[in-house]
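Starting from the known structure of chain A, arrange chains B, C and D on it as the hints suggest.
There are 4 protein chains.
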Amino acid sequence: MVRRIERKPWEDLDPMRDSTLGPYTPPIATVRPGEVVEIETWDAFGGVVVPGQTYAEAVARGIKLHVNPVTGPIEVEGAEPGDTLVVEILDIELPERGATAIIPGFGALEGWLRQLEPRTKFSRISGGKVVYVADGGEAVEIDVAPFIGTIGVSPESEAITTISPGPHGGNMDCPDVRPGNRLMLPVSRPGALFGLGDVHAVQGDGEICGTAVEVPAVVTLRFDILKGRRIGWPRVESEEEIMTVCSARPLEDAARLAYRELVDWMAADYGWNRMDAYMFLSLAARARIAQIVDPLYTVVAKLPKRYLERQA
Amino acid sequence: MVRRIERKPWEDLDPMRDSTLGPYTPPIATVRPGEVVEIETWDAFGGVVVPGQTYAEAVARGIKLHVNPVTGPIEVEGAEPGDTLVVEILDIELPERGATAIIPGFGALEGWLRQLEPRTKFSRISGGKVVYVADGGEAVEIDVAPFIGTIGVSPESEAITTISPGPHGGNMDCPDVRPGNRLMLPVSRPGALFGLGDVHAVQGDGEICGTAVEVPAVVTLRFDILKGRRIGWPRVESEEEIMTVCSARPLEDAARLAYRELVDWMAADYGWNRMDAYMFLSLAARARIAQIVDPLYTVVAKLPKRYLERQA
Amino acid sequence: MVRRIERKPWEDLDPMRDSTLGPYTPPIATVRPGEVVEIETWDAFGGVVVPGQTYAEAVARGIKLHVNPVTGPIEVEGAEPGDTLVVEILDIELPERGATAIIPGFGALEGWLRQLEPRTKFSRISGGKVVYVADGGEAVEIDVAPFIGTIGVSPESEAITTISPGPHGGNMDCPDVRPGNRLMLPVSRPGALFGLGDVHAVQGDGEICGTAVEVPAVVTLRFDILKGRRIGWPRVESEEEIMTVCSARPLEDAARLAYRELVDWMAADYGWNRMDAYMFLSLAARARIAQIVDPLYTVVAKLPKRYLERQA
Amino acid sequence: MVRRIERKPWEDLDPMRDSTLGPYTPPIATVRPGEVVEIETWDAFGGVVVPGQTYAEAVARGIKLHVNPVTGPIEVEGAEPGDTLVVEILDIELPERGATAIIPGFGALEGWLRQLEPRTKFSRISGGKVVYVADGGEAVEIDVAPFIGTIGVSPESEAITTISPGPHGGNMDCPDVRPGNRLMLPVSRPGALFGLGDVHAVQGDGEICGTAVEVPAVVTLRFDILKGRRIGWPRVESEEEIMTVCSARPLEDAARLAYRELVDWMAADYGWNRMDAYMFLSLAARARIAQIVDPLYTVVAKLPKRYLERQA
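Chains as they are written, first to last, in our numbering: chain A, 140 to 451; chain B, 140 to 451; chain C, 140 to 451; chain D, 140 to 451.
Derived from the structure by calculation, the hints contain no laboratory data.
Heads up, none of these hints are tricks.
Just so you know, same-sequence chains aren't split out, so a pair can sit in one copy or run between any two.
In the DSS-like style, the derived pairs of lysine-lysine whose C-alpha atoms are separated by at most 27 Å in a straight line are:
{"no.": "1", "residue 1": "147", "residue 2": "203"}
{"no.": "2", "residue 1": "268", "residue 2": "444"}
{"no.": "3", "residue 1": "366", "residue 2": "203"}
{"no.": "4", "residue 1": "444", "residue 2": "260"}
{"no.": "5", "residue 1": "147", "residue 2": "260"}
{"no.": "6", "residue 1": "260", "residue 2": "203"}
{"no.": "7", "residue 1": "366", "residue 2": "444"}
Excised from the complex, chain A in its bound form:
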């Protein structure tokens, strides 16, 4: 039977411990390399947006808002600075419903659309579909594509809000962090001090209104460590692609970082000359705008593995 790490009760959530990733908070659990665990996660609203209570209503009622709480820190035995933490995403168990909100002051088109109105919508999740009910009343079905929005490790000395992505992972909102794929994160502290939350049942590229279909979830992961393997930014590997996930402002810098990481990966692991890799990516790479709503923006650069037989 798989061990389950429970999320903290709502009453115990604390901004310093649960809404940051950093080295200052003692671990809530320890896992061993190779171990499979189930982890319960809070949704990005910290549980306060539920049928009968929109985000605006929760604010109006003075309910304490826990911003994007993560479950963690989880200590990974044997992880040391300079290693790479590998997180294999085995499964995400979704609830029956998720929430999406427009929150004025937040979102990619803030100031670009006139009359931005606060609104919250709940979508049923059933039979592999998210059922979005448009204002006109029609149900529009979208295939579920669950992934972990916020997932990362401790930076070396900073405690970073779980709203922000970075080299440590965090709020990347990257749909490729999904069941079947492996996420790699650079370890900066002993034990890695891993945390996660903010699962999305489905999300569009850019997550433009600032939220996706936000859900609490149960996530099944297997942990592993690549000893002495140092990476600069999160990486993802699927059956078919290698991917780098970088965050910056402006957005082109996130893209440049992600492509440079791909060049480095092709050079280090597949023997490509760096100029050759640069030119080849200009012909064959794919990119995804993960999100343009958080403190740094996130781009995923991708290359199919079928191109990657060793060059040298």
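Structure of chains B, C and D alone, referenced to chain A:
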């Protein structure tokens, strides 16, 4: 038999006439709405990069460089400011070889990779594949995916270099401008004054080294006009998706523009409330980074049509 | 007596000829190197904002709006591509009143301030002061500091809207282009094809609402040519400082360009090692945000001449 | 006699405690409102760049680098979240020498100048002058203009590296934080948890090579609290000007934030209508690019107080 519009001989190319899109150059041909024509195009190097002569060698030999020459202006009968020009891409005929170059001073990783070296590579195009020969000697095959890199109409009063994209189209380097799809462009001058060139046999997202597999080509198009239909930026329609193509710096502004255009399209043509459209795109939109190497950067925002039955 | 070049009558203004800088428009006058001329200029509103008619009213009344018309092209005898045009600003004669407008959809805080309202205000200019009447009724006096907002030459092949700045000059909105200073512009076409307009009686750094105290004016200039002296971007020289004026998006790229031009200037004319110049500017340079409202943003980087005795 | 708060010995410096600003570190001292204290500060290099040891040599020798250590946290009695901390800068005592370094991989022209070389230069500070010795051997004198480069309070839940500026202050590199001026900071934690370091003897706008004349120093400050006065970003007040100091990427966002804060200040304290303030700043504001080298870029927007008599 289809009428063919020939490209100008190399000796007659002129920067003012052939490397800008604008209202100052007399048309070289006139087409009627509904007419199908074949158009010959120059490659982005203006024909000087050929086996035995790299880009750097052409420069060193003092050969006159015609930057991204287009075939045009082509006058479309009956097109008036405020109309939309529809260009249906029926076919692109590729040559047997294309060229890719790294040109120091140009490209997304200029200043991000150490020791950027000028280099030119020729790739064979055959059997639906581009055959890239890596430095290690191995041939890597990429499926051809030809599209028109530079395609646009005249702005109202500016003459804009064919290196730049904009609301008028131009150097969008958008792989979705491909056979089977329809491109819509906002008409700003009588006759639209259409031009095109810069076909790519295949391109990665971002076109990061600054060039793709650059080819001269013969393109078959059908023209049409939507009278009195005013759009702000280029749009593309495929069998399955609607797409908006916007260009700006920084890149997030290109994304914001493209998403706002999608919101407007959903509101105007499909009856969606704009806030509802904004929220729905946050769940279901796709985006492509077309290029991050030209004077403005280009993003394509997309929504599957299957979601788009009328809401009101 | 000084020759006067008159501005075109309002009825004759034409967007292609008068609201672009480019090589496609025949000159309206020719000047000789060394010659002093007076030139009449239109204000940025093209003369339609006058007491009794705000910008919004002019739009509502359907009056034709000529956007930022310039007086030109003026041909400078003997100027050839690769030369530098020197324009010494001898005098600016102001009218008795100027106009400032907030135009929703335009301006640096568009989308950053709630409830942006269109408004136009007229300020009296008298005794060396601009008299701004605040909403509360109080008159606030600002010292006049007149300068030429839009001033430039023809690009090589583009016709660029007079709304935009660039390497050719244009709408730089740089308060250092003022009486007593010399502006240098890179010549790209025979005769330079110079134009100017958009005088401001005074302007804050950034020109944040999108307009300054906009005035028609009479400007007295002396022209000169530096033969065979090639520069990349506009430069200004005052009694005390050398300055470079560069435009880009994002704003940091304008700053980087301007500082790189200063490094190049220090190396070429004053014998500084480029690394040494780079380090010294980090201690002693000054910068001005000229404007953050036009299609490209403008930064002026400055170094006092007293630091600049020859190093090699 | 004035109380002195000593900086930690070099051996005791710790990245988590001394190179972040945050709520996780216990205070090293407590001050009372109204109290004047002298505080010793480390230079930005953490003391390792000294005559006989350049930055590159310190790295090569494997010396532990403490990045921009601050002296703190200093608890201010009675400061509560929602208050404003006022720090009056009374004096900065400079040493006899400061260091400037070009560090490849860092600085505004990284990737913009070819062949960036590591170099360190020491400048004598004497008689109110910084004496920079140019490569050609000539001594160039710059007037000293000392200020505190890094100064801030704890964020609410994050621990932020002292390399970064933000709403909490931090590495703003703002030359207006100088003797004679008052800095205001938003309090987010009980006791404010104040820290400072990184004094510069003089700095150019933008701090473009990434460093200024970096010095250890002794700073004399008076602390005060504005109870229940909530501000969003650091503010500075001099005899003649009010100033807002905001940090973001891209740089135009820093400028927009700083100008919006000025609009808010004019509205709240001087009774200006916000649209009127926006327009007036377009005529009379000044701005400074403080730095474009840190994780966020910093702009200071300024308005002379003489314009600010009450409007309502």
